[in-house]
Amino acid sequence: MTDYLIIITRGREDGGHAATLGAELAVTLQAMNSKAAIFLTLSGTRWAYEGTGSDVQVPGHLCLEEYFQAFLKEGGELLVCSPCVAAYCHLPALGDEELKRGLRPTARYVGLATVAERLMQGRATVF
Amino acid sequence: MNDGQQKHVIVLTCGTEDGGARATLAMALAVSLQAMGCDVAVYMNFQAAIWALKGATRSIQIPGFDSLETYLKLFEDGGGKVYACASCFEHLAVWNQGEDISEGGVPTSALRDGVIPAGVTTLASLLAERRAVSL
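Here the protein sequences line up with chains S and D, keeping their order.
Numbering of the first sequence is given in my numbering, commencing with residue -5 and proceeding in unit increments.
Numbering of the second sequence is given in my numbering, commencing with residue 33 and proceeding in unit increments.
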């Protein structure tokens, strides 16, 4: 089984298009019996919080929130850039209410050493 | 060089348009891979070619990370190779007229020490022999 690491670097600045494609690819890889992990970094870190994808609906795709829920339900690993949280998740665009909801289940903060380790084990795609 | 050593190439395409965030992440990742014993090369393409110029990283400091210059210096000191798209410099136009221009049209005096001006053939070679991540 091939390991894949999907790195999502974009938040809402593109309307959630990159995040939607990244999450959809992760779910697709899972459906093809591949092991996929998602690393949320830079402004993509915001998607680590529950409900943040609820209002993102790119035409032709499911709601971003659905992809994340499906990904986690299938045991997908959600890695969150720990140094990015302070820089990107306290912006006015991300309200207190969203932050209070907390991280998605099983999501965990990691540093770049963890990402480097994953890169050594498998393949990576950046969105 | 260790035969079992993993080889990676990080292809960076983003310049100053995001404040240096992607460049910082790319170089931090490059240094992390180096620290884990990997042979790492960085190829600066398109707008990212600007980071190959002296002084370009000045004042780039993304919250939560060290400065971009710190990562680049660590990477260079660790023996990492930095390649920069030679033809991409033409679009940057940040050097003075009359600078020392190499055959490839690159103002060599404006480049960081150790940066290797390169073309698509070099990139293709790097991609053929290494695991690649594009940022």
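Calculated directly from the structure, the hints in this document are not laboratory data.
For glycine and all other residues, C-beta sits at the position ideal for the given N, C-alpha and C.
Be careful, since some hints might not be right.
Example chain D residues on the side facing chain S (calculated, C-beta under 7 Å, incomplete) [as the list claims (entries may be wrong)]: (1) Gly36; (2) Leu65; (3) Phe78; (4) Gly96; (5) Ser99; (6) Thr102; (7) Leu159.
Hints versus structure:
no. : hint   : in the structure
1   : Gly36  : 11 Å, violated
2   : Leu65  : 5 Å, holds
3   : Phe78  : 15 Å, violated
4   : Gly96  : 3 Å, holds
5   : Ser99  : 13 Å, violated
6   : Thr102 : 14 Å, violated
7   : Leu159 : 13 Å, violated
Comparing the model with each earlier hint shows violations of hints 1, 3, 5, 6, 7; every other hint is respected.
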